[in-house]
Each structure stands twice: as structure tokens, then as C-alpha cells.
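Colleague: Once you have looked at the hints, place chain U on chain Y.
Each chain, letter by letter, is given below.
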Amino acid sequence: MTELAQAVVNGLQMGFLYALVAVGLAIIWGLMEMINFAHGEFLMLGMFGAWWLSAGFGIDPLLGIVPIAVAMYGFGVLVYRHLMRRVQGGDPFTQIFATIGLLFLLQNAVVAGFTSDYRFVNEGILASLSRTRLDVLGLTFGVPLLAAAGLALVLFLALYLLIERTEFGLALQATSEDRDAARLVGIRPQRMFAVAWGLGAALVAIAGAILVNFFAVYPQVGLQFTVLAYAIVALGGFGSILGTLLAALLVGVIQSVTVVYLSPAFKDAFVFASYLLIGLFRPQGLFGRF
Amino acid sequence: MARARISGAARLALVVGALAAIVYPIPLQLQGQTYYQTVGFLVLVNAMLGVGWNVIGGWTGQFDFGPQVFFAVGAYTAALLYAKLGVIAWVGLLAGVAVAIVLCAVLTYPLTRLRGHYFAIATVAIWMIAQPIGASWEFIGAAQGLFLPVQTHDSVVGAALSLQFSGPTKALGYYYSALLLFAVTLALMALVERSKLGYYFRAIRDDQEAAEGIGIDSRRYKVIARSITAAVFAAAGALYAFWALSVFPEQVLELHWSTLPIMATVVGGIGRLWGPVLGAVILIPISQVMSTTLGTGPLAGRGIDLIVYGLIIIVIAAFRPTGLLSLPWGRWFGRRRPAPA
Chain Y
130 MTELAQAVVN GLQMGFLYAL VAVGLAIIWG LMEMINFAHG EFLMLGMFGA
180 WWLSAGFGID PLLGIVPIAV AMYGFGVLVY RHLMRRVQGG DPFTQIFATI
230 GLLFLLQNAV VAGFTSDYRF VNEGILASLS RTRLDVLGLT FGVPLLAAAG
280 LALVLFLALY LLIERTEFGL ALQATSEDRD AARLVGIRPQ RMFAVAWGLG
330 AALVAIAGAI LVNFFAVYPQ VGLQFTVLAY AIVALGGFGS ILGTLLAALL
380 VGVIQSVTVV YLSPAFKDAF VFASYLLIGL FRPQGLFGRF
Chain U
50 MARARISGAA RLALVVGALA AIVYPIPLQL QGQTYYQTVG FLVLVNAMLG
100 VGWNVIGGWT GQFDFGPQVF FAVGAYTAAL LYAKLGVIAW VGLLAGVAVA
150 IVLCAVLTYP LTRLRGHYFA IATVAIWMIA QPIGASWEFI GAAQGLFLPV
200 QTHDSVVGAA LSLQFSGPTK ALGYYYSALL LFAVTLALMA LVERSKLGYY
250 FRAIRDDQEA AEGIGIDSRR YKVIARSITA AVFAAAGALY AFWALSVFPE
300 QVLELHWSTL PIMATVVGGI GRLWGPVLGA VILIPISQVM STTLGTGPLA
350 GRGIDLIVYG LIIIVIAAFR PTGLLSLPWG RWFGRRRPAP A
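Chains as they are written, first to last, in the numbering used here: chain Y, 130 to 419; chain U, 50 to 390.
Bound conformation, chain U alone:
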């Protein structure tokens, strides 16, 4: 039913995009260039986070500034299980997702009494409380964090199962791991979007009183929405932990784990499944490309990339707050009307 609404042009864009994402690192790998593969990895991670944030922010309409807490939960859970018990990476990742869902549900239920601005500040509050806990809890390594011992695997399967890629294929391995996680996330969120759950979320966003009037328990569905977001963040956090080979509080609780995905979502189109993907593809390379072009010149490390981010986001907010995907692409490039949001 939903498929029928997708225009031919959009389907073509989808196939081309998917092929490009799969083929992208191969020529780079043949030339021995790993840098742009890592850029691709970061695009995928941020796109995945944006798709996750869209559930609570875009569909349910609750501004969540603290999902980086669950990014950290995923990273720490997977890293602890691996470093202390030798649990294999993907199992650790799933465990991280499970812990994040439970923790998020417990923490978020009381917060759903708060609405609008108050809810947003409460999510910041939890992040502010999590920071000193992360920096002082000895069990998780306090401020020094955890280091993940490197294991070398001879077989590709062994490396892929333990998320431990090293040597010349390191960037390639993590790129495809991120692509897999991203694709799974996107597919699951596409299902959620078309399910009853997705309609409940949007009903709460559009008119909470009316949604409650027709029997939707708004507090329960806000908790479910935020837990879905938390699950996506935890999965990405676990992957990031194995990529960085270390987890420490300042790194995984860094604010940019929420601001970059949120900005990507806004630029692409908030509340649209593919919005964060488009946004991440546009925004993330700006930062990476700039740091190479500026090199060690006088403007290197002067935040020029973030100035550009700021300008892009201001222009989008002022002139097209519904994002780039909401532009009338169908009228410009296709014959049929584009799918409504």
C-alpha cells in the first residue's frame, strides 16, 4: 500500500543510492585510500542516529536532547562484556540495545509527565547527571574509560563476527558493518513508520489531547518511541566502541552525538524516513573535507566547518523548516506528485 505511493523517480533514486553505498569504498580500497572510507563510516553512523532520533523527535514530536546517554550505554555495555567476559561483539551490541531500552523506559516514564520545553530540559538533565557518573564510576573505568584489547583474525568471518578489523582492511570492514546496521535500522524504522505504532506517534505529535481522546495512552507511546530511539543509539554506540577501541565518558557522552544527527534530520527533513540520511550525506563530509583542504593552514582547526553547519541550519530553519526532502522534487523531476510526509 505504501509502495504504491513511491514515485518511479524516487524508486530509481533509492536503487542508485543503495548501489552507490555498496560500491562506494571499493575503488578507494583498490587505491589504498582509507580516509574517505572512514568519512563514509561516519556518514552512516550519523545517518543511523538521525533515523533513530526521528522516531522521538520527528514522529512523536518530543524534543530529545539526551539520546547520547544511550549511545554511551550501548558503547559501555558492549565494551564491558567484551573486555571483562570476552563476549563476542554482536552479542554485546544486542545486550547494549537491551540495556538501553530498559534503562530508557525506566528513566523516560516519569519524564513523560512533562511536556514541550520541560521535557527537552529533562532529557538534558539526565545527560548532565550521566556525565559525572561516567567520569567517576570505577567499574566502568571512571574518567580513563575502557580499552578494548585488539584481537587479530585471519578469516573475514571471524573479524566480522567480533567486529575487530585491523590492518589495511580496517576502514573497509567498519564501513560495511556500519552499512549493515544502518540498513537494518532503516528497514525496521520503515516498518514502524507504516505500522499502527507510527500512526500513534504522529497522532500524539499533531494533537496530544485528541490522540488521548481516541484512546491512545500518550505517556506509554512516548516511552516506546524514546526507547526505539535509545535502541538505535545504543547499537551505534556499540559499533563505535569497537571502531575506536576505547570507551571513555567525554568521548561517548559528547554533545555532538545528538546535535549532528539532529541537524542532519532537520536539513534533510524532520519526520521523513529518509530526511536524516540525506542530511548526513550533505553535512558530515563537509567537516571531513574541510579538515583536509584547510590542512595545517592558518584556518585549520578554527571551526570553519561548524560555521558552515550553523549557516546551513539557519537558512533551512528560516526558509524551509520542513527540510530539503520537502522541496517539490516531484514537480521538478517527475510527473507524479511526491509522496506526502
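Same shape as in the complex, but just chain Y:
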């Protein structure tokens, strides 16, 4: 029983980090209905940025979040303005191809610059706490992961409030519902899309700067998180920010329970099997509105 409870706790902590990885995608893909297969590469850039600031300048990855988020916001806007706007109106396939091209370009530009070696962040607040554990009710919490999960939760709630409770968030939602109607009431859709891409890129880069404390950085690191993020957004339901969070927690728990009771090799397989099973009975996702 304790074993199961511990597995669930571990899964929930990872789930918050997955939620942060997925929420950028939930905005770009789930809310604005644009495909981004380079999402994992944005994450990788965030991780590399944090590693570079840490190894080169001794800046803690947690402090690095600020410049990385700003830089990636700008990058996301640029990607939208110069590439995605061009392919937005056409066949949805074209968006897939454009972002697959971006995936190859970004991933291998980093290979060209930094090689495919694995890199680790050894110095940092979270890394220095790595031995610290907290025991509550017979369950063990790793302090760094707990802190990261807490940070992820705070960011997530801030985003939720931004999108669901502010005028800007309403404008974003209005654009995704009906672009022409939004234009009639004075919203500039192009600008909304650019902001959505900026936000999505910044959020996933922040996730990268947090993940870098726990995972090795290498140019191909993105794919494993991208496939999970896609499953999470689809599982949560398009357009539902809260659904994304709950789906991410579910995915974290499925993974950690699989690791304990079955085999670590099958942890992603069980996530995707659950996706298929749920998808067949509820194609719009758990909390999807459409």
C-alpha cells in the first residue's frame, strides 16, 4: 500500500513538470489550433540555454529562467511572424511539414554548435539539494523535485488565470473561436497568434530550465517529451488548460506505477495505451469542449 502511495506521489511530482512542458503546446495547439512539431526543440533550447548560462557564467538555472523566457518569447514570435503565418491559411499538413523542418533545423543546428554529447548541470540550488528528503506520513519526497513541482504549479496557475480571467485571455480565446468575429470587435488575430506562439515557446523553455536540473541535456532530448506532451494535450482535451494539468498528472502517475509494478521499459507504452483506450471512448479528450 505504501509502495503504491509512494509511486503515486512520485508520479504526481513528475506530472507537474510534464504539465509545464505540455502547457505551451496546449496554447499553440490546443487553443490556437496550430501544429508545432518543434515543441520539443523549444524545450531543448531552453535546457541548453540554462546549461550554457550555468556552465559559462555560473548563473543558477532557476535565475536563468528569466532571460531564457524573454529570449524564447521573442523566438516564438519570430517563428510565427516569418514561418507559421505563411502556412497558417493552407492545408493543415503544411503546418506539420513546416514545423518538422524547423525541428530538423533547430536540433541539428545545436548538434553543429555543441555536438551530441550529454551535458549536466551540477551546480545550482536544486542540484545542491539533491540529497535532501522530506518524510511525511511514511512517504518520501525528494526536495528538489518537490520544489520544481511547486514552481510548475505556480506558473501553471498564473497561466490559467491569465487565459481564463483576464481581458487578454478572453481575446486569445475569442481569436481561437472565430477569427473574423474577433476582428470585428477590435482584436488583431495576427497579433494574438504571435503572442500565443511567444507564450508557448517561453513556457516550454521555462520547463526546460527546470528540467535541466534533473535530466541530461543533448540535442535530441526533445522528442521523448514532445510525444508525451502531445498525448497529454490530446488526453486533456483541446482548449482546456486545466484538462492539460490533470492529464499531465495522470500521465506521471501511470508512468511511475508502471515502473514499480511492471517494467521501466514500458512506462511510455502504458501512457500511450491509456491514450488509445481513452481516445476510443472519448475522442475529444477527458475535459475537451469540442
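Calculated from the structure, these hints are not laboratory results.
Since the structure is predicted, the reported quantities are computational estimates derived from the model, not experimental observations.
Glycine included, each C-beta is placed from N, C-alpha and C at the ideal position.
Don't take each hint at face value.
Restraint ranges, calculated between C-beta atoms of paired labels, are given here [to be verified]:
1) Ile331(U) - Phe297(Y): 43 to 51 Å
2) Ile75(U) - Phe186(Y): 58 to 66 Å
3) Arg320(Y) - Thr342(U): 41 to 49 Å
4) Val199(Y) - Arg243(U): 54 to 62 Å
5) Ala154(U) - Ser392(Y): 22 to 30 Å
6) Gln200(U) - Thr244(Y): 34 to 42 Å
7) Leu391(Y) - Lys133(U): 27 to 35 Å
8) Thr244(Y) - Thr342(U): 14 to 22 Å
9) Glu303(U) - Val199(Y): 35 to 43 Å
10) Trp378(U) - Arg320(Y): 36 to 44 Å
11) Ala184(Y) - Trp378(U): 49 to 57 Å
Covered stretches of chain Y, going by a simulated chain U footprint (3 or more residues, C-beta under 8 Å) [said to hold, decoys possible]:
12) 208–218
13) 358–371
14) 396–406
Computed from the model, here is a short list of chain U residues facing chain Y with C-beta under 10 Å [to be verified]:
15) Gly106
16) Pro159
17) Gly359
Modeller: Quick look at chain U alone, frame taken from chain Y:
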């Protein structure tokens, strides 16, 4: 009827292309160069995969990210039959195709409830589930995979029947085996394209509701389309297994078995029979030529070829998403209007 639409220039290009493909390895073989024959082999394999992917992706309009599963099914089936029972390669290849079709139909039918993005993710999901199965199933060699024992054949016929080429003619033998499979695939897909089946596929792509309105069972034809794609991937996988002399999960379930053919299809022209062929001829040699020109220099192994792929695909997506074949070649080089897609 379809023949009448092909312009004279296109027919000339076809004859020249076919002759070039047949003659290509001969001067290389006379000089004892095998490297560029292997490049040719990889072009043909990827062109064949692209032609296969076009059926589900280009004609039926369903984005399939997981056909590499059936590449692996073909490779494993042929390799198992050969290594454990001594079944001859071409029979193993056909068996692999049959297994892939059945497996694909069973797996894909429930998926056809899902549309658009959800379908695409579901195909990824099956690939994600297949990977640990391949890596842990003892019967198929788990993570170590299977090795195919080498048999030497004195006669060309014996080597060709068992797909076991070795020595100085190894690259030549596999080149022509790939050319044969590619030509058969292309001919069959040309038939499918002009058949009722091909029109059903495109009807589903263009407007699923309207297609259902005129009595096309969209789920059934999506399953058929994906099974055709799976069959092509399985055949290529079986050939690849004998070429590589081994099958292991990381190699045959590698993502590039779908991304390279998909990119080739997009660059050449999605939904056009010859699109993937043109795309593969352009894209695949880039990688091979780069690895020789960069040699062991500072930029070797730094993914420069993939940067070029990324740029090509971005430019195509941004400026000509219908691919190179859709450019007005007829107006530039011929008098007649080019055949519509």
C-alpha cells in the same frame, strides 16, 4: 485513358529516368565503386517507402507517423522465417507483407474513429508501444535482435532468390533487388491511383462527410489505405533486413523510416505518384554526399545534412506546399498543360 493525359515531355522523362535507373550502377561496378551503388539502394528504398506513405498520407489525407512499425514487422517476419526455419527470402518477404496487412487492419480499424490530429497521435502511440515490445520480446531476440546467417551462393539466380549477395557484387545485387521492388510498388500504386479505390481515397481526403454521403464507408477505406502503406513498408523492411544481415528494434523502429519518406513525399509533391520518387532522388544523396565531402573534418557528424533537409522542407512548406512536381513544368518545358494531380 490516363495515358492520354501524360504529355510527351513527361513520357520522355519517364523513359530517360527508367533507363538511368537501370544503367546507373554499371559504370560504378566496372570501376569497383560500391559506395554510390549503396546510395542508389537507399534512394530506391526511401522512394518506395514514400510511394507507400503517399497512399495513406497523400491520397487519403490521414497523417500517419507510425508506418515504421510495419517496416519492422516485415523485417522481423522475413528474418525470423529465414533464421529459424530457413524459409527463402522472397517467401519471407511476402509473409512479412501478409502479416503487416493483417496486423495493420486489426490495429487501424479502431483508430479510424479518430480524425485529424487525434489519428496522427494514435499512430505515434502504436509506435511508442511497439518499441518496448521489440526491445523485450525474447522470441524475436529482444534488444539484441536477430542475426541472419550468411550463405554464399555461386550462381546469380541462387543469390537473387535468397536475397543474399556478398563479395564485390553485394551492392549491385541489392541495388537491383531494390529497383525491382520499387518498380513493382510504383506499378501497383499507379493501378491503385486510377482504380475506384484511388478515387475513394481522395474523396475521403477532400470531404469525408460528402464521401460518406455517396455511400463510401470511410472507416473501411482508411483501413484499406493504411494497409496498403503497411504492405509497402513491410516489403522494404524485409529487403532491408537481408541487406543489413541483422534486425534489432532500435534500427528497424527508428523514426527516420517514416520522416525521410514523408519529407521526400512533401518535397516532390504530396498526393502525386511520382512526388516521393523525385523527393528521394533529391534528398537522400544530400546526406550521403555530405558525409563523404565533410569526411573527418570538424563538421563531420554534426548533422549538417539534416540542417539542409530542415531548410529545404521549410522553404517548400512556406512557398510551394504542393511540392516540386506541382511547379508549372509543362509551361516551362512543354507545349501542353501538365497532368492535373
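Colleague: Please go over all the hints and tell whether each is borne out by the structure.
Modeller: Now for the hints, and whether the structure bears them out:
1. Taken as a hint, the range 43 to 51 Å holds for the pair isoleucine 331(U) and phenylalanine 297(Y), whose Cβ atoms sit roughly 45 Å apart.
2. Between isoleucine 75(U) and phenylalanine 186(Y) the beta carbon distance is about 59 Å. The supplied range of 58 to 66 Å therefore holds.
3. About 45 Å separates the C-beta atoms of arginine 320(Y) and threonine 342(U), a value consistent with the hinted range of 41 to 49 Å.
4. Take valine 199(Y) and arginine 243(U): their Cβ atoms lie about 56 Å apart, and the range 54 to 62 Å holds.
5. Our hint of 22 to 30 Å for alanine 154(U) and serine 392(Y) holds, since their Cβ atoms are close to 29 Å apart.
6. Checked against the hint of 34 to 42 Å, the C-beta distance between glutamine 200(U) and threonine 244(Y) comes to roughly 41 Å, which is consistent with it.
7. Between leucine 391(Y) and lysine 133(U) the beta carbon distance is about 28 Å. The supplied range of 27 to 35 Å therefore holds.
8. Threonine 244(Y) and threonine 342(U) have their C-beta atoms about 19 Å apart, which keeps the hinted 14 to 22 Å range intact.
9. The hinted range of 35 to 43 Å is satisfied by glutamate 303(U) and valine 199(Y), whose Cβ atoms lie roughly 37 Å apart.
10. Between tryptophan 378(U) and arginine 320(Y) the Cβ separation comes to about 39 Å, which falls inside the hinted range of 36 to 44 Å.
11. For the pair alanine 184(Y) and tryptophan 378(U), the supplied restraint of 49 to 57 Å holds, since their beta-carbon distance comes to about 52 Å.
12. Counting residues of the stretch 208–218 of chain Y whose beta carbon lies closer than 8 Å to any beta carbon of chain U gives 3, which reaches the threshold of three, so the coverage claim holds.
13. Given as covered by chain U, the stretch 358–371 of chain Y passes the check, having 3 residues with a CB less than 8 Å from a CB of that chain where 3 are the minimum.
14. For the stretch 396–406 of chain Y, the proposed coverage by chain U is satisfied: 7 residues have a C-beta within less than 8 Å of a C-beta in that chain, meeting the threshold of three.
15. The interface hint given for glycine 106(U) is met, as the beta carbon of that residue sits about 8 Å from the closest beta carbon of chain Y, less than 10 Å.
16. The interface hint given for proline 159(U) holds, since its Cβ lies 6 Å from the closest Cβ of chain Y, which is under the 10 Å cut-off.
17. With a cut of 10 Å, the hint placing glycine 359(U) at the interface with chain Y holds, because the nearest CB-to-CB distance is about 3 Å.
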